[in-house]
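There are 2 protein chains.
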Amino acid sequence: MAAPSQPMVSEPRKALRVYLHLKDRILSGALAPTARMPSEPDLATQHGVSRVTIRSALERLAEEGLVERRPGSGTYVRSPSRTATLVADFSNVFTHLVEMGRSTEVRLLAFGYMLPTPAVAEGLGLDPGEEVQRSVRVRITDGMPFSYLVTYVPKRIGISYSEADLRSTPLLELLERSGARVASARQTVGASQAGPEIADALGVETGAALLSITRIVKDETGAGVEYLYALYRPDLYELQLDLERTRQGRSMRWAAISPSAAGRPAGARRSEPRNAKNPGIVKRKTTR
Amino acid sequence: MAAPSQPMVSEPRKALRVYLHLKDRILSGALAPTARMPSEPDLATQHGVSRVTIRSALERLAEEGLVERRPGSGTYVRSPSRTATLVADFSNVFTHLVEMGRSTEVRLLAFGYMLPTPAVAEGLGLDPGEEVQRSVRVRITDGMPFSYLVTYVPKRIGISYSEADLRSTPLLELLERSGARVASARQTVGASQAGPEIADALGVETGAALLSITRIVKDETGAGVEYLYALYRPDLYELQLDLERTRQGRSMRWAAISPSAAGRPAGARRSEPRNAKNPGIVKRKTTR
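In order, the protein sequence lines correspond to chains A and B.
Going by numbering that gives the first Met the number 0, the first residue of the first sequence is number 0, and it counts up by one from there.
Going by numbering that gives the first Met the number 0, the first residue of the second sequence is number 0, and it counts up by one from there.
Only chain A is shown next, with the shape it has when bound in the complex (with noise of 0.2 Å):
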């Protein structure tokens, strides 16, 4: 690799370059725990990036509770630290989404009506010209904003309800209450950057990756209620989903293991601890 040259200045693209590799080799074992990183000079030489980079990069690290700096000692790798992340079931999310928007706080940052853009007409099915009911809200627990969710509702529907209803209850309440008979659901999930606002509303840095959800939501006619696009941070929330093989004739398949899809009482397949007040939720620790 070339000679460093010596910025005063932190090159940004280079910085996440070095803690997205360091980051790489602390999860998957690489730099052991509690082994002492190289110095900033031969870190900076390794990577062909000014000392300020490499800084940069050991801040993030630091700040994620990947490594410790230790003044007048060096910098050390921690063991991974345990964070608590919202664990969603996601075979049986709905019944923990009306549980969490019990549970948990919302921020309402924009609500309107609006031309459909071609995605949410054709997901919801909505004749030409129809206009939906936006509206962007921000779920927070614990004081940490970990969901950004836009949601897209037929304008006969979102009429039957306030922005203030929508602040305090949550929509598929909302849905069912004006009347529609939600019956089925089809959930895509993705990852996605996090755009400048995103960004700023879920407390991460631009260019973040979250964990991206979109949801179409239709009642026992097949027609649209809701379109869901839903980012989540993926430090504070993950799904989960519990599979089991099963024989069937003579070949084996995997199926979900859900509550009502297999007929077993909730409690029975669980060996963590459940969230007494959020049944839907585990609250766990998650090894990093």
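Because the hints were derived from the structure by calculation, they are not lab data.
Think of the CB as a built atom: it goes at the ideal place given N, C-alpha and C, for glycine as much as any other residue.
Hints are supplied without guarantee of correctness; some may be wrong.
Here are some chain B residues the structure puts well away from chain A; computed CB gaps all over 10 Å [as the list claims (entries may be wrong)]: (1) D41; (2) Y75; (3) I156; (4) G202.
Distance windows between CB atoms, simulated [said to hold, decoys possible]: (5) B:T220 with A:R77: 30 to 40 Å; (6) A:E175 with B:M113: 50 to 60 Å; (7) B:I139 with A:E121: 23 to 33 Å; (8) B:T220 with A:E175: 39 to 49 Å; (9) A:T168 with B:R106: 47 to 57 Å; (10) B:P70 with A:P169: 46 to 56 Å; (11) A:T245 with B:D164: 22 to 32 Å; (12) A:T245 with B:T245: 13 to 23 Å.
Knowing the structure of chain A, use the given hints to seat chain B on it.
Positioned in the frame of chain A, the structure of chain B alone reads:
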């Protein structure tokens, strides 16, 4: 915002901000399809950055098919492009992965034995000092790498197959051939930023958002047989779960619809074309 300075080099961090901001506006419909974008000098003034930075952000949007640059005329928002994505049915993802093992190409990047990280040892329930086989594979479909898979298997099972076996045969099949009776799995889904090595292997930019799945597979006795950490390109792969509402006594519940869990034929609930060769994978056109 301050008047922009005009450096001749792009400012990557600022270009990322502008790119993500404009992308959000296009995907949310705030910038409508076919609309002409503001000129480069106007965008530079609006965002307080150089024209070089604006050009770099617009180039990335153009590469992703979100805008079209017409020389001498300007930059136009495109109708959201429809890109092919592998969609895996989340509630039955295993069966599909075996099928994918047969239909996609695999590149083996690493293979060896090592002491596990604390998270892997805990996940698999290993004795202290027990080694694991670690492999790193990249899975490719239509010439595009879409997943980066790191697997850990207890050494006592791993030694039953070779590096060459792993290049040609799905891991789940190798585990079963070794006598392991695979019975259950827990999958956790999140998101992560690509480090430089992983970005390189998947053909994305360092820092790009990836979908992550951690899966712990156990045998009939509850012993861990596989720990998987998988990263997926969200533009090429997403997870899907269909849910339906069911009445259980007096309360309504949500249940995952999967062929074996809900006892329906697989075809009955699908409206999208299936890939005939890989019935577990839906190749569909998504509207981004």
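Results of checking the hints against the structure:
{"no.": "1", "hint": "D41", "in the structure": "18 Å, holds"}
{"no.": "2", "hint": "Y75", "in the structure": "16 Å, holds"}
{"no.": "3", "hint": "I156", "in the structure": "17 Å, holds"}
{"no.": "4", "hint": "G202", "in the structure": "16 Å, holds"}
{"no.": "5", "hint": "B:T220 with A:R77: 30 to 40 Å", "in the structure": "34 Å, holds"}
{"no.": "6", "hint": "A:E175 with B:M113: 50 to 60 Å", "in the structure": "53 Å, holds"}
{"no.": "7", "hint": "B:I139 with A:E121: 23 to 33 Å", "in the structure": "30 Å, holds"}
{"no.": "8", "hint": "B:T220 with A:E175: 39 to 49 Å", "in the structure": "44 Å, holds"}
{"no.": "9", "hint": "A:T168 with B:R106: 47 to 57 Å", "in the structure": "51 Å, holds"}
{"no.": "10", "hint": "B:P70 with A:P169: 46 to 56 Å", "in the structure": "51 Å, holds"}
{"no.": "11", "hint": "A:T245 with B:D164: 22 to 32 Å", "in the structure": "27 Å, holds"}
{"no.": "12", "hint": "A:T245 with B:T245: 13 to 23 Å", "in the structure": "19 Å, holds"}
Comparing the model with each earlier hint shows no violations; every hint is respected.
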